[in-house]
Amino acid sequence: MGERCNRTAEVRGSIPLSSTRQNRNVLLYYVQPPFSHFRTYMKIMPNYANPANFLRLARVLVPLSATLTALLLCVGLYLAWFVAPPDYQQGETVRIMYLHVPAAWLAMAVYAVMTSAALGTLVWRHPLADAAQRPAAALGAGFTLLCLGTGSLWGKPMWGAWWVWDARLTSVLVLFLIYLGLLALWRTIEDPGKAARAAAIFTLVGAVNIPIIKFSVDWWNTLHQPASVFRLGGPAIAPSMLWPLVVMAFAFSFLFVTLYLMAIRNEILRRRLRRLSILAAGAQEQRAGGSTAWEAAYEP
Amino acid sequence: MSHDPNLGFVVAAYALAFVIVTGMIVTILADYMHLKQALSSLSRATRQDPGPESFE
Chain L
1 MGERCNRTAE VRGSIPLSST RQNRNVLLYY VQPPFSHFRT YMKIMPNYAN
51 PANFLRLARV LVPLSATLTA LLLCVGLYLA WFVAPPDYQQ GETVRIMYLH
101 VPAAWLAMAV YAVMTSAALG TLVWRHPLAD AAQRPAAALG AGFTLLCLGT
151 GSLWGKPMWG AWWVWDARLT SVLVLFLIYL GLLALWRTIE DPGKAARAAA
201 IFTLVGAVNI PIIKFSVDWW NTLHQPASVF RLGGPAIAPS MLWPLVVMAF
251 AFSFLFVTLY LMAIRNEILR RRLRRLSILA AGAQEQRAGG STAWEAAYEP
Chain P
301 MSHDPNLGFV VAAYALAFVI VTGMIVTILA DYMHLKQALS SLSRATRQDP
351 GPESFE
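Residue numbers (the numbering used here), protein chains in the order written: chain L, 1 to 300; chain P, 301 to 356.
No wet-lab data here; the hints were simulated from the structure. Nothing here was measured: the structure is a model prediction, and the numbers come from that model. Treat the hints loosely; a few may be bogus.
Stated by the list, open to error - Covered stretches of chain L (in silico footprint by chain P; criterion: 3 or more residues with CB under 8 Å from a CB of chain P, positions within the stretch not fixed):
| # | region |
| --- | --- |
| 1 | 95 to 101 |
| 2 | 136 to 149 |
| 3 | 154 to 163 |
| 4 | 266 to 276 |
As the list claims (entries may be wrong) - Residues from chain P shown here face chain L by an in silico Cβ test under 7 Å; the list is partial:
| # | residue |
| --- | --- |
| 5 | Asn306 |
| 6 | Phe309 |
| 7 | Val310 |
| 8 | Ala313 |
| 9 | Leu316 |
| 10 | Ala317 |
| 11 | Ile320 |
| 12 | Met324 |
| 13 | Ile328 |
| 14 | Ala330 |
| 15 | Asp331 |
| 16 | Leu339 |
Said to hold, decoys possible - Below, simulated SDA-like cross-link-like pairs (lysine to any residue); rule was C-alpha separation at most 25 Å, straight line:
| # | chain 1 | residue 1 | chain 2 | residue 2 |
| --- | --- | --- | --- | --- |
| 17 | L | Lys156 | L | Asp87 |
| 18 | L | Lys156 | P | His303 |
| 19 | L | Lys194 | L | Ala184 |
| 20 | P | Lys336 | L | Arg56 |
| 21 | P | Lys336 | L | Glu190 |
| 22 | L | Lys156 | L | Val229 |
| 23 | P | Lys336 | L | Asp191 |
| 24 | P | Lys336 | L | Arg187 |
| 25 | P | Lys336 | L | Phe54 |
Glycine is no exception: its CB is placed at the ideal position from the N, C-alpha and C atoms.
Chain L extracted, bound-state conformation:
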């Protein structure tokens, strides 16, 4: 134990490295610090990620994030409508891109957030992890619906069809169905703990769809165009169209952050209401009959 402490102190630089163990300690110097930071993080994380602290934090962050979202949306919409030029082939229809592409990015990013929350539920069993996962599903479904709807309105004038069973479109539809399935799962299972674990497993299984969406345009011959922003060799879009798209992507991201903070706050309040209602009903029953319904049910 003492030797271990000394070794930790050595690798942190507080006492000099001993010559006999120098090689091993040099290795530890590179290996141990990230793990020690991780341990410290894991120790302090529950203090910051408890519901009461979150509610205090949300009270400050929601107005800030909402203001930033409104500003970015105003600038982004102005750039998208009045500054960005029409496309030489698509004409004005290209302006749908400033909604469709950020919505598609958010649809996938929200699922990534849900996947990390699902890990929090299954691995650390943190109470806030499920409270963070459930509201994200509703928002993810909203952004995916927006992506599918604007894509359909873009597809009709450009491809001549509202919908084609293309790999990209189909995989995004599957993502939308996964979001709806998760929302249905939470409503179906009455026990919140069981519902959280089932939804977390379903979320982790569904995560396989995200790389399929991303690489569907590379793996299959699709009608949908390949990636033109996040690609090797840099974006293929002209800067006059790229900048409005970037501003709109930030606006959508902050919109998500704002709505997500508000929705998590609602989820925490819903759980508090449920807990207090159960306790109030129990207390009322005790006053009325001297024993609770639970006790009455198990009386011999």
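Position chain P relative to chain L; hints supplied.
Just chain P, lined up with the frame of chain L:
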């Protein structure tokens, strides 16, 4: 811009986005108002009729 034959699709896309985003905002705000009201009415009820055990 107004001469583009596909302008209707662009306007429809922005209208759809407005409806979906406004729907999400209104749903979350309405849920918040409902929860706050339910919590305050619950705490008011327990303050009026305090039982032998406090559950706060």
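The hints, checked one at a time:
Counting residues of the region 95 to 101 of chain L whose CB falls under 8 Å from any CB of chain P gives 4; the rule of at least 3 is met. For the region 136 to 149 of chain L, the stated coverage by chain P holds: 6 residues have a C-beta nearer than 8 Å to a C-beta of that chain, and at least 3 were required. Coverage of a stretch by a chain is defined here by at least three residues with a beta carbon nearer than 8 Å to that chain's beta carbons; for the region 154 to 163 of chain L and chain P the count is 3, and the condition holds. Under a criterion of three residues with beta carbons nearer than 8 Å to beta carbons of chain P, the stated coverage of the region 266 to 276 of chain L is upheld, 6 such residues being counted.
For Asn306/P, the suggested interface contact is upheld, since its CB lies about 4 Å from the closest CB of chain L, less than 7 Å. Hint status for Phe309/P: holds, given a least beta-carbon distance of 5 Å to chain L, under 7 Å. Restraint check, Val310/P versus chain L: the minimum CB separation of about 5 Å is within 7 Å; hint holds. The interface hint given for Ala313/P is met, as the beta carbon of that residue sits about 4 Å from the closest beta carbon of chain L, less than 7 Å.
A least Cβ separation of about 5 Å between Leu316/P and chain L falls short of the 7 Å threshold, and the interface hint therefore holds. At a threshold of 7 Å, the smallest CB-CB gap from Ala317/P to chain L is about 5 Å, leaving the interface hint in force. Restraint check, Ile320/P versus chain L: the minimum CB separation of about 5 Å is within 7 Å; hint holds. Given hint, Met324/P at the interface with chain L, holds; its Cβ is 5 Å from that chain's nearest Cβ, closer than 7 Å.
Among the interface hints, the one on Ile328/P holds; its C-beta lies about 5 Å from the nearest C-beta in chain L, closer than the 7 Å criterion. Because the closest C-beta pair between Ala330/P and chain L is about 10 Å apart, greater than 7 Å, the hint is violated. A hinted interface residue such as Asp331/P counts as satisfied when its beta carbon comes closer than 7 Å to some beta carbon of chain L; here the least separation is about 5 Å, so the hint holds. Restraint check, Leu339/P versus chain L: the minimum CB separation of about 5 Å is within 7 Å; hint holds.
With a CA separation close to 17 Å, the supplied pair Lys156/L and Asp87/L stays within the 25 Å bound. A distance of roughly 18 Å separates the Cα atoms of Lys156/L and His303/P; the hinted pair therefore holds under the 25 Å criterion. Distance restraint check for Lys194/L and Ala184/L: the Cα-Cα separation of roughly 14 Å lies within the 25 Å cut-off, and the hinted pair is therefore satisfied. About 15 Å separates the Cα atoms of Lys336/P and Arg56/L, which keeps this hinted pair within 25 Å; it holds.
This hinted pair checks out: Lys336/P and Glu190/L have alpha carbons roughly 23 Å apart, not beyond 25 Å. With a CA separation close to 23 Å, the supplied pair Lys156/L and Val229/L stays within the 25 Å bound. Only pairs whose Cα atoms come within 25 Å are accepted, and Lys336/P paired with Asp191/L is accepted, the gap being roughly 23 Å. Using a Cα cut-off of 25 Å, the hinted pair Lys336/P and Arg187/L holds, with the two alpha carbons roughly 21 Å apart.
For the given pair, Lys336/P sits about 17 Å from Phe54/L by alpha-carbon distance, which is consistent with the 25 Å threshold.
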